[in-house]
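S.K.: Residue numbers (the numbering used here), protein chains in the order written: chain Z, 3 to 202; chain L, 3 to 202.
Zero decoy hints are in this set.
Identical chains blur together in the list; that is why a pair holds if it fits in one copy or across any two.
Below, computed lysine to any residue pairings styled on SDA-like, alpha-carbon distance capped at 25 angstroms: (1) 58 to 120; (2) 59 to 38; (3) 59 to 71; (4) 59 to 15; (5) 11 to 54; (6) 59 to 33; (7) 58 to 29; (8) 58 to 30.
Don't read these hints as lab results, they were simulated from the structure.
2 protein chains.
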Amino acid sequence: MARTVDPVKHAASRRHIMDSAAVLFAEHGLERTTTAMICEAAGMSPGRLYHYFTGKKSLFIAVLTADRRETGQVLEELRRTEPPLEALLAFVEHLAAPAVAHPLVSQLVLEAMMQAQRDEEVRAILEEVDAEERAGLEELLTRAAEAGEVDAEVEARDGAAWLATLVGAAYLGGLDGGDPSARLAQLRRTVRGYLLLPRV
Amino acid sequence: MARTVDPVKHAASRRHIMDSAAVLFAEHGLERTTTAMICEAAGMSPGRLYHYFTGKKSLFIAVLTADRRETGQVLEELRRTEPPLEALLAFVEHLAAPAVAHPLVSQLVLEAMMQAQRDEEVRAILEEVDAEERAGLEELLTRAAEAGEVDAEVEARDGAAWLATLVGAAYLGGLDGGDPSARLAQLRRTVRGYLLLPRV
DNA sequence: GTCTATACGGAGATAGAC
DNA sequence: GTCTATCTCCGTATAGAC
Chain Z
3 MARTVDPVKH AASRRHIMDS AAVLFAEHGL ERTTTAMICE AAGMSPGRLY HYFTGKKSLF
63 IAVLTADRRE TGQVLEELRR TEPPLEALLA FVEHLAAPAV AHPLVSQLVL EAMMQAQRDE
123 EVRAILEEVD AEERAGLEEL LTRAAEAGEV DAEVEARDGA AWLATLVGAA YLGGLDGGDP
183 SARLAQLRRT VRGYLLLPRV
Chain L
3 MARTVDPVKH AASRRHIMDS AAVLFAEHGL ERTTTAMICE AAGMSPGRLY HYFTGKKSLF
63 IAVLTADRRE TGQVLEELRR TEPPLEALLA FVEHLAAPAV AHPLVSQLVL EAMMQAQRDE
123 EVRAILEEVD AEERAGLEEL LTRAAEAGEV DAEVEARDGA AWLATLVGAA YLGGLDGGDP
183 SARLAQLRRT VRGYLLLPRV
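Build the full structure now, drawing on both the sequences and the hints.
M.R.: Written out as structure tokens, the structure reads:
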């Protein structure tokens, strides 16, 4: 029984569409990106696009889940990294890394966050990713705190949530352009300052 | 020559529409808020709405400019506040205050930022406000630095821009709900930590 | 699998009576 | 000034030939 579809080609076609769409979603947002624009960017007809995706929203979600980062592996390694505070900082930088990679990535992530406010399906996906990230932050934060490398005033759960928010700030900063590596340095300094009580 | 329109009533009508629309823009975003939704929320017909605004976008911009904060007055006062570092922190909190006031305010501000990425007119408005805020931050930051209350490593211009980004983080944090006043405390701690070099 | 052509619905905006 | 009714366009998605 010969397969009628080549799964490799099929995946490649999907990927090509997703890559084209991702740029447009980042630049113009979900609603202002028309399927016609996507078709033109991908160099294909609507019929073809809808052969690979059931609709614009499913394409958007496919884009989001494709770029989903695997934090598990990184986390596994950082659990053994010494000192614990450095491991935590490294994790924060890992999470913020996409923001400095390219302005469009920042825009896409922020667009996703906004959509999550308004769409249950998108919200569910991002929630999952966020929970994973926060759990990692909390774990590393707790470890650093136990090692006495973090000020006692910083509570694990709230602190982790706030760190996630600060990572978000790096994405916000990505909108204005400017030097990406400088932004990463600012973030690093900020997180250190937050975790270690500054002398007053 | 009697005026045919009562300017007070006219302004009140505009205001009523803007108030109704602001909530919807915050909740659903610009594109997903239909004029029909606005009409229903405001309890009026499309004809009436278009009597007061030339279009949905002009209404959106009216909402943004109406909620525009007057930083000048606050800044004037903070210039004389001692110590300088406290003045700077107070200014940061002033800028972040709307974010803790109500979740919808956070959403509206973020929506505006996203629209600014895609619309020249919106961008121009926000740019103006942002520039004003950054100028204020830079001024107070410089003053605090000259008083030796801020670590020398923090450069005035970049530092001010980064502080503005951190204020943005407070708005981002507003999306997730949680205790608003706690978020303000986190921000305060973060900014202090950033400005004062923590002992390593 | 891919195209062209088009159906369908909805949203912004207007017309014109009152 | 305000309403009802409606126009027009455009965007999503589909139909059906190749």
